[in-house]
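Assembling the complex is the task here: the two chains are given apart, and the hints tell you how they should meet.
These protein sequence lines map, in sequence, to chains A and B.
Counting in my numbering, the final residue of the first sequence is number 306, and the numbers go up one at a time with none missing.
Counting in my numbering, the final residue of the second sequence is number 310, and the numbers go up one at a time with none missing.
Careful: at least some of the hints might be erroneous.
Said to hold, decoys possible - Residues from chain A shown here face chain B by an in silico Cβ test under 7 Å; the list is partial: (1) 45; (2) 47; (3) 71; (4) 241; (5) 264.
Bear in mind the hints are in silico, worked out from the structure with no lab data behind them.
Given the structure is predicted, the values throughout are model-derived calculations rather than measurements.
From the three backbone atoms N, C-alpha and C, an ideal C-beta is built for every residue, glycine too.
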Amino acid sequence: MTVEDTRAPERIAPPRPPLPVDDTGDERRRRAGRIIGPTATYVVCVLAALIAIGPFVWMLSSSFKEPGDVISLTPHLLPNPFTLDNYAYLVNNGVLPFIRFLGNSAYITVLVIIGRLMVCALGAYGFARLQFRGRDAAFGLLLASLMIPDMLMVLPLYSAYVKAGLIDTHFPLIIPPIVANTFGTFLLRQFFMTIPKEYDEAALVDGASHFRIFVSIILPLSKPALATLAVLTFVNVWNDFFGPLVYLSDVNKFTVPVGLAFFQTQDSTQYGPLMAGATLAIIPTVLVFVFAQKYFTRGISMTGIK
Amino acid sequence: MTAAQTLRVRDPATADQRRGGRRRNLRGWMFIGPVVLGTLLFNVIPVLPTLVTSFTDWDGLAAPKFTGTANYKEMFSGQDPLFGKSLINTAIYTIGYVPVGIIIGIALAVLVNNRLRGMAVIRALIFLPYVTSLVAVGVVSRWVFSDQYGVINAVLASFGITGPHWLGEPGSAMAAVIVTAIWANMGFNMIIVLAGLQGVPETLIEAATLDGAGRFSRFFHVTLPFLTPTIFLLLILQTIGSFQVFALVLVMTGGGPGDGTYVYIYHLWYEAFSLRRMGYASALAIVLFVVLLAVTWIQNRLSKRWVFYQ
Numbered sequence: 001m002t003v004e005d006t007r008a009p010e011r012i013a014p015p016r017p018p019l020p021v022d023d024t025g026d027e028r029r030r031r032a033g034r035i036i037g038p039t040a041t042y043v044v045c046v047l048a049a050l051i052a053i054g055p056f057v058w059m060l061s062s063s064f065k066e067p068g069d070v071i072s073l074t075p076h077l078l079p080n081p082f083t084l085d086n087y088a089y090l091v092n093n094g095v096l097p098f099i100r101f102l103g104n105s106a107y108i109t110v111l112v113i114i115g116r117l118m119v120c121a122l123g124a125y126g127f128a129r130l131q132f133r134g135r136d137a138a139f140g141l142l143l144a145s146l147m148i149p150d151m152l153m154v155l156p157l158y159s160a161y162v163k164a165g166l167i168d169t170h171f172p173l174i175i176p177p178i179v180a181n182t183f184g185t186f187l188l189r190q191f192f193m194t195i196p197k198e199y200d201e202a203a204l205v206d207g208a209s210h211f212r213i214f215v216s217i218i219l220p221l222s223k224p225a226l227a228t229l230a231v232l233t234f235v236n237v238w239n240d241f242f243g244p245l246v247y248l249s250d251v252n253k254f255t256v257p258v259g260l261a262f263f264q265t266q267d268s269t270q271y272g273p274l275m276a277g278a279t280l281a282i283i284p285t286v287l288v289f290v291f292a293q294k295y296f297t298r299g300i301s302m303t304g305i306k
Numbered sequence: 001m002t003a004a005q006t007l008r009v010r011d012p013a014t015a016d017q018r019r020g021g022r023r024r025n026l027r028g029w030m031f032i033g034p035v036v037l038g039t040l041l042f043n044v045i046p047v048l049p050t051l052v053t054s055f056t057d058w059d060g061l062a063a064p065k066f067t068g069t070a071n072y073k074e075m076f077s078g079q080d081p082l083f084g085k086s087l088i089n090t091a092i093y094t095i096g097y098v099p100v101g102i103i104i105g106i107a108l109a110v111l112v113n114n115r116l117r118g119m120a121v122i123r124a125l126i127f128l129p130y131v132t133s134l135v136a137v138g139v140v141s142r143w144v145f146s147d148q149y150g151v152i153n154a155v156l157a158s159f160g161i162t163g164p165h166w167l168g169e170p171g172s173a174m175a176a177v178i179v180t181a182i183w184a185n186m187g188f189n190m191i192i193v194l195a196g197l198q199g200v201p202e203t204l205i206e207a208a209t210l211d212g213a214g215r216f217s218r219f220f221h222v223t224l225p226f227l228t229p230t231i232f233l234l235l236i237l238q239t240i241g242s243f244q245v246f247a248l249v250l251v252m253t254g255g256g257p258g259d260g261t262y263v264y265i266y267h268l269w270y271e272a273f274s275l276r277r278m279g280y281a282s283a284l285a286i287v288l289f290v291v292l293l294a295v296t297w298i299q300n301r302l303s304k305r306w307v308f309y310q
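Next up, chain B with everything else stripped away, as it sits in the complex (with noise of 0.2 Å):
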């Protein structure tokens, strides 16, 4: 090493080789130039400006007013009580959704990792949901979820119950938004749980069957520890995308009804577009990114306790 360094700082040919790094470095950036620019210009260098008018009134286009820490003030009193609200509208639809739907996953990926014929139809059919828009999604069930012609309402008729006026309830209302998620989203975590799957070795599940392990002791004690990366994956994924949900609120209740699904992005699209109260939004988006932040690092810290690595 230290022998070829001092050959090649005697190299006469040491200028030309520096003229051929400009040479690598131009070339290198000419390839990466286009993403790395695109990236900094529309993702890395707009979270700046957030920042400094989260502490300003600012209507979006006049020059802020700095207000100093008046937006934090105004969440945290409670000045605002739809802030608080759909913080807890957020969580609601986590806690129903996350779990629930990976939970449904795992059952459905193990189901469908086998073997037997027409099983890749299945599987593509469970998939199809997820590559469907979320309004058209938000439409049907709107639809489906509708108290007098729906669907659901219908086959409970069929059985003699009157069903439930789905989305003029808080309760119900919410429930139908999660339980929309779930169906849509079921695929998603379908395939990612088939892919970690593929992960559990044989020899040990063969190795439990012979020591008279049943099916579902083979499964809980096995498979399953083998699936807790995969599944804190989803934990992680799923819950930062539940805390974003909007598309779906937006066309199923319209964060209503009262504000019973009015949750956190509802919120803050509300706050910007419809007030042009685009400092307070902008103090609601760096809220949401300290709180995803503090819950990825939670789950992260738990995740020690029972997440098994190989």
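Chain A with its partners taken away, still in its complex shape (with noise of 0.2 Å):
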């Protein structure tokens, strides 16, 4: 797996007269920042990388061990013997439905992502394309929305949603981070201008309507930026936390991170369980990150730019 490389393309730097041959690297030396040599880079940016997926090569290990093996006082990295049986645990408990939460979790997140993006891809042809009153009142509408913390909004919502039958429902989870997501229009409204006008204005002339131009030039074109806003859904539907937690109390609703966290607050020392139940939450965002990382670079840079 590779992250994108961020850096300027080289065709921007002028030609430059070949410099010495030098092994520490002259050229390299001067890359912005560069302070150490490449053999001690290597060993400070192995170190930084097994501290940080340490944790999870020790979580997704013990996921695999015996009870009395978890907790060994000498702690060894390969589950021997080999089990299966803390998977078992989650599935079979009875008590808390660990495949429901998959379940749960798997097609909120699906929808909101088809909706989101069809939503936000809507609004940005409109923003981007489209001249007509109140665009750009309504733009700086949608940019004060971003400055208002989640937490101004959520009692009220909380109070809305009880009076209409709507708690522990999975209403809130879906509905509105379809139907209210900024960021992911101004994400597509900034890819949108990118596309040169004239090709709109070819279709127009020959006769096709903004919403056939949107669908099939817009959209086939933008493909990679979809593509951002589609894994970067992903990863904050899936680990959303806060609101499952105040909106869910029925646990057959719950969502893989309430459930998480309500099975440690009913038994905090079942590390084997729990271990195979973080492994359960984590695995399908690394994935998605695995497969799409240099998407996902792309969106987290542009959250810098924006």
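In structure tokens, the structure reads:
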């Protein structure tokens, strides 16, 4: 797995005269910020990477260990004997339906991704491509809404959901994240604005409607941006904790993060099953990350540039 | 311009155009309507009731009873010691987490900003914790910091040191939460700084080298000034985020031991959903917003002294 190189492409650099060959890398050393040599860089980098994934490796390994082994005072990395009991416990314990948590999380995440891509792309097209009254005011409103912390909305929304009978349903976890996502709208708008207007104009001359242009020209050209929004949404929704914690109380409706947190409050010393649960909570996002890292880093960097 | 305007006014097709304009407006709103309505409904309008209910006694269900500024008085007159305690804890967390997190992010970004083989994999691995569920991170971290079975104390024990009861003492519990948060977010900081590093002109680095500047002085006198806008952005983002720390605390310590890691959002959540004091919790939310505005404003003012824009 690799993370996309965010550095400026080579072509921007003017041609340089060949530098004297030097293994410590005269040219390399001059790169912004480089302060130590390659060997030391490797050592520190590998150490940092180990610190980053060490706890996960330990979690994964422990999830396959037997109870006595998990808390062994002479810890070893490879599970011996290897067992699936911890996962079986999660599935069969009868109190915490972990499979259901996974199912709930999966269907909520998929619905939000599909809905959000549609709503944000439509909005982004309107903001990026059309001229009409009220557009700039509406855009300002969306900008302003980005600055309001969620905490300022959650109490009246909770009360409204109670009155509407929507507590203990997945409505609050699905609909607002679909229809009220300003960040995604901005992200796509920025991308749509880079697509040459000539494409639309040619299609308009040929008699295509704006909706047609949106569907047949803009969307196909925007696959990277749509993928970026999809993976960021996946991670945000899959990992969301506060929403499900506040809006759900029926265990059968729980998503993975609240289910896992609830499991820990029930029995915080069952390290084996807890590690199995943590593994199941983490694996989907890690897989998405491994297969779509370039969209990820691009999206995250855009947060910075925004 | 004026000629064109006169022309248009005299154009017999004006009414037709106006109709066209109306159609154009309608079409525009059909595209942006869903996201604008959704944002209004879920992210803008609910702010007003929060402001109103902050002046009431309200359980979230029955009609709110107007109590004037009683909620705010309760906070600031010391009747609610947990309000002050949670603010202090949140400040400690922020001061412990934000600067160290940013420094580590810069260090990592500088380290991985090269074309050495395998760096892409290193970058991915360092970024990995950021995409994982904070609840899962908390569950794992709780075990890592466990006094009897934790990895940290096991390592310390192998050096003959008896490790502390990390999550059993307020001070070390806060430290454990901060370390976990830094660890979970270091990849995010790294990626943002990495993007910022691309804005450092290589010609300047080269010029500094020719002038005989050493590695460290190149970093501190050339690279770092160019990074200040990025550092400022991280400072704002991470401060706002750390004032709202919650999931990690709930899972790792439950606000304890005692009230050692009892942070602001924990208090808000507890007042609102355990005690059903929604009016008071609304006032807590408003105060949070004001504090965030003030802190951001101060940071923005101070930034003029140290942020360098090209």
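Which of the numbered hints are not met once you compare them with the structure shown? 2
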